[in-house]
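Which chain is which? The protein sequence lines are A and B, in order. Going by my numbering, the first residue of the first sequence is number 1, and it counts up by one from there. Going by my numbering, the first residue of the second sequence is number 1, and it counts up by one from there.
In case anyone wonders, no lab produced these hints; they're calculated from the structure. All residues carry an ideal CB built from backbone N, CA and C; glycine is no exception. Possibly wrong hints are sitting among the right ones.
Taking CB as the label site, the calculated pair distances span [as the list claims (entries may be wrong)]: (1) B:61 - A:71: 22 to 30 Å; (2) A:65 - B:75: 21 to 29 Å; (3) A:82 - B:109: 14 to 22 Å.
Think about it this way: if two alpha-carbon atoms lie no more than 25 Å apart in a straight line, the pair counts; the simulated SDA-like pairs of lysine to any residue are [said to hold, decoys possible]: (4) B:138 - A:48; (5) B:142 - B:49; (6) B:71 - A:83; (7) B:71 - B:81; (8) A:113 - B:34; (9) A:19 - B:88; (10) B:138 - B:30; (11) B:142 - A:43; (12) A:185 - B:138; (13) A:184 - B:88; (14) A:19 - B:62; (15) A:185 - A:76; (16) B:143 - A:48; (17) B:58 - A:182; (18) A:113 - B:58; (19) B:142 - A:19; (20) B:142 - A:100; (21) A:113 - B:156; (22) A:41 - B:40; (23) B:138 - A:23; (24) A:41 - B:81; (25) A:41 - A:28; (26) A:78 - A:183; (27) B:140 - A:5; (28) B:142 - A:23; (29) B:24 - A:23; (30) A:182 - B:140; (31) B:140 - B:44.
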Amino acid sequence: MNVAFTVLLFASLAALVVKAPAMAFSTLIDGASAAIVLAVKLLAIYAVWLSVLKMLEQSGLDKKFSRLVSPVVRRLFKGESDDAYNYISINLASNMLGMGGAATLAGINAMQKMETSSTTDNMRLLVVINATSIQLIPATVIAIRAAAGSKNAADIFLPTLLSTAVSTLSGIVICKLIAFFKNKKHARNATLTPTFDKIKPLF
Amino acid sequence: MISVYVLPVLLILLLVYCVIRRVKVYDCFLLGAKEGLSLAGRVFPYIAAIFICIEAFKASGIAFAVAEFLKKPLSFLGVPSEIAELILLVPLSGNGTIALLEDIIAECGVDSYPARCAAVIAGASETVFYIAAVYFSKCKSKKLSYAIPVSLVCTFLGALAACALVKLM
C-alpha cells in the first residue's frame, strides 16, 4: 500500500507541476475536503446501521442467521471462532441485500475477530469477496437509469448479477489457490527445517 | 419496483422481533451512534489519504492519459472505448464512478450499448481500495498482501464479463 500510494502521488504531483503548478496544493486539500464530506456521511450511515446491528445482536437474530448460512461460511473460512462466523454471515447477507453500511461494519468486526484466531488468508478472502461486490439488486444504478428515461431501467439486473458472480467467484478461487500453494510451501519448509537445523552447526 | 420495499419492511420486521424479545431498542440506537462516532474517527485517516491521492491523480490528467492509452487493448477485449476511463475509476472512487456513469449516459443515451455496459460495471463493482483500507482499519497487522491485486484483477474480469453479457442479453 505504501509503495502504490507513493508512486501514484508522486506521478500525479509531477504531472500537476508540469500542467498547473498553482493547482497542485489546492488539489490535495480538495481531496481532503471530499474525504471530510464522505466521513460525515459515513458517520450518519454508521450511526443508523450500527444501531440496527445492535438490535440484531441483542435479539439473538444474528446467531439464528449465522446458523442458516453457516455451512457455506464455515467451508469458505475454515478454523474461525463462532463470533467471527456470526459477523461474516451478517456481512455477506447484508451485502447481498444492498445494505452496504451494515455490511462494512460487520466486516470490520469480523476482521477483528479473525485476527486473533486464524491465518491471515481468511481475512484477505473476506476483503476480496467484499471488494468484488456481491450485491443482488443494483438499486442505485437502476434508479439512475430510470431517471435518465430508460425504456427498461431494470433490465441490467441479470447481466449485473452474472458479472458480480464472475468477479466474486474468480476472487474466491484465486484466494484459495494462493492459500493452498502457500500452505504447501510452508509444509515443505517445515519438513526441511529440522534437517537443516541438524546440519547447521557444520556451517 | 419491489426493491424499494425490501429495506424498510425488513427493518419493521426487525423492530417487531425486538419488541417480542424485549430488546431495549432506544439503548441500541444510543450505543450504535456512540460506536459510529468512534468508528468514523478511526476510518477517517484512511479515507483522507486515499482521497487526497485520487484527487491529485484525477486532476493531473494521468487518469485520462492512461484511459486513452488503454482504449485500444481494451476494445480488443470487447470493451467499448467510451468506458475505458470508468474501468480505471471504479476501484478508486464510488462517487466518481456514479458521476462518470451519468456522463456516459448523457453522452451515449441510456439504452445504448456503452451506457448499458457502464451501468452493469458500476452496479457490479466496489471501490476496492476503500474496502481494503476500511476493513483492515481496526486490525493491528496491516498485512493486506495479495488482497488488493486479486480484487483488482477480479473486478476487471467482472467488467470484461459485463461487456460480453450486455452484448448477449
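We went through each hint and held it up to the structure:
no.: 1; hint: B:61 - A:71: 22 to 30 Å; in the structure: violated, 50 Å
no.: 2; hint: A:65 - B:75: 21 to 29 Å; in the structure: violated, 45 Å
no.: 3; hint: A:82 - B:109: 14 to 22 Å; in the structure: violated, 52 Å
no.: 4; hint: B:138 - A:48; in the structure: holds, 20 Å
no.: 5; hint: B:142 - B:49; in the structure: holds, 15 Å
no.: 6; hint: B:71 - A:83; in the structure: violated, 46 Å
no.: 7; hint: B:71 - B:81; in the structure: holds, 5 Å
no.: 8; hint: A:113 - B:34; in the structure: holds, 21 Å
no.: 9; hint: A:19 - B:88; in the structure: holds, 21 Å
no.: 10; hint: B:138 - B:30; in the structure: holds, 21 Å
no.: 11; hint: B:142 - A:43; in the structure: holds, 23 Å
no.: 12; hint: A:185 - B:138; in the structure: violated, 30 Å
no.: 13; hint: A:184 - B:88; in the structure: violated, 35 Å
no.: 14; hint: A:19 - B:62; in the structure: holds, 11 Å
no.: 15; hint: A:185 - A:76; in the structure: holds, 21 Å
no.: 16; hint: B:143 - A:48; in the structure: violated, 30 Å
no.: 17; hint: B:58 - A:182; in the structure: violated, 37 Å
no.: 18; hint: A:113 - B:58; in the structure: violated, 37 Å
no.: 19; hint: B:142 - A:19; in the structure: violated, 35 Å
no.: 20; hint: B:142 - A:100; in the structure: holds, 23 Å
no.: 21; hint: A:113 - B:156; in the structure: violated, 30 Å
no.: 22; hint: A:41 - B:40; in the structure: holds, 9 Å
no.: 23; hint: B:138 - A:23; in the structure: violated, 34 Å
no.: 24; hint: A:41 - B:81; in the structure: violated, 33 Å
no.: 25; hint: A:41 - A:28; in the structure: holds, 20 Å
no.: 26; hint: A:78 - A:183; in the structure: holds, 14 Å
no.: 27; hint: B:140 - A:5; in the structure: holds, 20 Å
no.: 28; hint: B:142 - A:23; in the structure: violated, 33 Å
no.: 29; hint: B:24 - A:23; in the structure: violated, 52 Å
no.: 30; hint: A:182 - B:140; in the structure: holds, 22 Å
no.: 31; hint: B:140 - B:44; in the structure: holds, 17 Å
Hints 1, 2, 3, 6, 12, 13, 16, 17, 18, 19, 21, 23, 24, 28, 29 from the list above are not met by this structure, while the remaining hints are.
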